[in-house]
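Peer 1: Model the full structure from these sequences, guided by the hints.
Chains S and C, in that order, give the protein sequences. Following my numbering, the numbering of the first sequence begins with 566 at its first residue and continues without gaps. Following my numbering, the numbering of the second sequence begins with 3 at its first residue and continues without gaps.
FYI, nobody ran anything at the bench for these hints, they're computed from the structure. Some hints could be false.
As the list claims (entries may be wrong) - Straight-line alpha carbon distances no greater than 25 Å define the calculated SDA-like cross-link-like pairs of lysine to any residue that follow:
no., chain 1, residue 1, chain 2, residue 2
1, S, K717, S, H660
2, S, K636, C, N54
3, C, K7, S, H586
4, S, K621, S, L650
5, C, K7, S, Y579
6, C, K57, S, N575
7, C, K87, S, Q688
8, C, K224, C, A294
9, C, K85, S, A716
A quick note: this is a predicted structure, and the numbers were derived from the prediction, not measured.
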Amino acid sequence: MKQLVELKVNGESYETAIDPHRTLLEVLRENIGMTGSKEGCDLGACGACTVVIDGKAVLACLTLALEARGKEITTIEGLAKDGKLHPLQQNFVDHGAIQCGFCTPGVIMSAKALLDENPKPTQVEIKRGISGNLCRCTGYTKIVEAIEVTAK
Amino acid sequence: MRLPKFEYLEPKNVKEITSLLKKNEDAILIAGGTDILPKMKQRIVTPKYVINITKIEDLKKIEFAEKKGLTLGSLATLDNISKSKPVIEKFTALAQAAGRVASPQLRNMGTIGGNISIESMCMYFNQSHEWRKGRPHLCFKLGGDRCFVAKGSKDCLALFQADTPPALIALGAQVTIVGATGKEKIINIEDFYTQKSKKVNILKPTDFVKQIHIPTPPKGTKSCYLKMAQRAAIDYPIAGAAACITVSGGKCKNAGIAVTAVGSGPLRLKEAEEVLIGNSITDELIEKAADAAYEKVRPMPHFNISAWYKRKLIRVLVKRSIKQACSKAK
Ligand SMILES: Cc1cc2nc3c(=O)[nH]c(=O)nc-3n(C[C@H](O)[C@H](O)[C@H](O)COP(=O)(O)OP(=O)(O)OC[C@H]3O[C@@H](n4cnc5c(N)ncnc54)[C@H](O)[C@@H]3O)c2cc1C
Ligand code: SF4
Ligand code: FES
Ligand code: FES
Numbered sequence: 566m567k568q569l570v571e572l573k574v575n576g577e578s579y580e581t582a583i584d585p586h587r588t589l590l591e592v593l594r595e596n597i598g599m600t601g602s603k604e605g606c607d608l609g610a611c612g613a614c615t616v617v618i619d620g621k622a623v624l625a626c627l628t629l630a631l632e633a634r635g636k637e638i639t640t641i642e643g644l645a646k647d648g649k650l651h652p653l654q655q656n657f658v659d660h661g662a663i664q665c666g667f668c669t670p671g672v673i674m675s676a677k678a679l680l681d682e683n684p685k686p687t688q689v690e691i692k693r694g695i696s697g698n699l700c701r702c703t704g705y706t707k708i709v710e711a712i713e714v715t716a717k
Numbered sequence: 003m004r005l006p007k008f009e010y011l012e013p014k015n016v017k018e019i020t021s022l023l024k025k026n027e028d029a030i031l032i033a034g035g036t037d038i039l040p041k042m043k044q045r046i047v048t049p050k051y052v053i054n055i056t057k058i059e060d061l062k063k064i065e066f067a068e069k070k071g072l073t074l075g076s077l078a079t080l081d082n083i084s085k086s087k088p089v090i091e092k093f094t095a096l097a098q099a100a101g102r103v104a105s106p107q108l109r110n111m112g113t114i115g116g117n118i119s120i121e122s123m124c125m126y127f128n129q130s131h132e133w134r135k136g137r138p139h140l141c142f143k144l145g146g147d148r149c150f151v152a153k154g155s156k157d158c159l160a161l162f163q164a165d166t167p168p169a170l171i172a173l174g175a176q177v178t179i180v181g182a183t184g185k186e187k188i189i190n191i192e193d194f195y196t197q198k199s200k201k202v203n204i205l206k207p208t209d210f211v212k213q214i215h216i217p218t219p220p221k222g223t224k225s226c227y228l229k230m231a232q233r234a235a236i237d238y239p240i241a242g243a244a245a246c247i248t249v250s251g252g253k254c255k256n257a258g259i260a261v262t263a264v265g266s267g268p269l270r271l272k273e274a275e276e277v278l279i280g281n282s283i284t285d286e287l288i289e290k291a292a293d294a295a296y297e298k299v300r301p302m303p304h305f306n307i308s309a310w311y312k313r314k315l316i317r318v319l320v321k322r323s324i325k326q327a328c329s330k331a332k
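Peer 2: Set out below in structure tokens:
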């Protein structure tokens, strides 16, 4: 049976009626219309769906939307402010860290959670921080550079 | 892949978990959901009720006191465990094992209760419904009459590969299980496992894991967990080994050695422990303990990893984990 739920995404409240078996990723993309978070494997192995919930990077494809009630959800759509890109986004653009762009929202959300917890990470810590995100264009060097520059 | 439909229940305390499990047949518990939701997407399990226990704050605690030891609520996340100061200092193998599970996101979500309770895996079983439907027969794990991995085998041989159980065994952990009557039962973590691939743990449908407890190790104790996987992140172990060594007066007073990803459950290697206990630990003795480990394990091939390779790897990992533990235990 459908239930009315309220989700707090990027500081705003969204009300939508959903069945319990819907994942947060499906509800973000299909009900709320935020298609920034991507569906890659849908089984927890690629990180394309990474969002930040209560400060931690998690996988939206393995989170039930009902579970996310009452929590602060941040998606890639929540990073730019007043038409200005977030420093991570800007540095990804400037350093060529985006090729096809499919993994980018997930990688940036992992990087954001990392930098919020550890503002001056070492290169090894950055690599570990984004180790749950696959980039099939394999542009890891530039991704790590863009995150390093943001941390400086 | 969409999840199958189910009814969603959210208990507010431990008592409610038991009453919901008793009331609703065909229910499963979901903690981090990182193991069970992929399996539901693949239609390996299609429960009528899903009981999400993550709203019970009491079960998320990590508590340590010198006298009482370490108590981990079943919902403590692997990330929090791997970064907890007392765990890193006194229960190093556990911090290392929790910190090597999957990826940062999965460790933020995954819980210790879920990690010890995951099922065995197999390339013929952990596949989509469509994939499995392509085979005309069912294997043992799905109630069929054969095993595709080893023709002629009378039992399922699927592989258990959770990372934390060998560390917990080496450290002498105990598991508190709450049963249908609400009564608590405390067992050694070793006895939590059946060593049968078809159902790897002893949990009944109305049971759940409340907490895990590890006594404070005596002075001179150090531990270590080492994992080998194809990639440094995301992958399950090809093999993993934990060693916990207590040294006093130059001699090994106590040793706990256990491995994962070699069979139907995490395996304690008493034979290797016995080589060490009572003796002063030399490189030669460590080689002997590693030989004992090699003799004991009988792995099966898994995906593209041969049984031969895995067995050799166990020898190496057991040797290195003892060495690393001993290099600090003085
Ligand atoms: C891509 C990927 C890679 C992975 N890599 C690894 C790895 O390298 N190493 C590893 O060990 N694991 C790995 N896992 C498996 C999983 O993420 C972890 O084992 C995790 O710790 C499971 O915990 P959870 O809380 O998410 O479990 P859940 O999925 O919530 O539950 C797992 C099982 O335990 C039961 N359960 C959960 N809590 C309790 C409880 N309190 N009492 C009784 N039963 C309970 C559930 O009913 C379910 O059957 C991986 C998973 C994925 C998707
Ligand atoms: S080991 Fe054999 S019985 Fe078990 S899941 Fe694999 S194919 Fe099935
Ligand atoms: S889509 Fe969620 S991890 Fe791949
Ligand atoms: S930029 Fe194409 S997958 Fe990473």
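Peer 1: For the pair supplied as a hint, K717(S) and H660(S), is the alpha-carbon distance within the 25 Å limit?
Peer 2: holds, 14 Å
Peer 1: Is the hinted pair K636(S) and N54(C) satisfied, with a Cα-Cα distance of at most 25 Å?
Peer 2: Given that 25 Å is the threshold and the Cα spacing comes to 15 Å, the pair holds.
Peer 1: Assess, step by step, whether the Cα of K621(S) is no farther than 25 Å from the Cα of L650(S), and give holds or violated.
Peer 2: holds, 21 Å
Peer 1: CA of K7(C) to CA of Y579(S), is that 25 Å or under?
Peer 2: With a Cα-Cα distance of about 23 Å, the restraint between K7(C) and Y579(S) holds, given a limit of 25 Å.
Peer 1: Given the hinted pair K87(C) and Q688(S), is their alpha-carbon gap at most 25 Å?
Peer 2: holds, 23 Å
Peer 1: Just to be careful, I want the Cα atoms of K57(C) and N575(S) compared with a cutoff of 25 Å; is the pair within it?
Peer 2: holds, 22 Å
Peer 1: Checking one constraint from the list: CA of K224(C) to CA of A294(C), max 25 Å. Satisfied?
Peer 2: Answer holds: K224(C) to A294(C) is near 21 Å, not above 25 Å.
Peer 1: With a cut-off of 25 Å on the C-alpha distance, tell me whether K85(C) and A716(S) pass.
Peer 2: holds, 22 Å
Peer 1: Take a quick look at whether K7(C) and H586(S) sit within 25 Å of each other, Cα to Cα.
Peer 2: holds, 5 Å
Of the numbered hints listed earlier, not one is contradicted by the structure.
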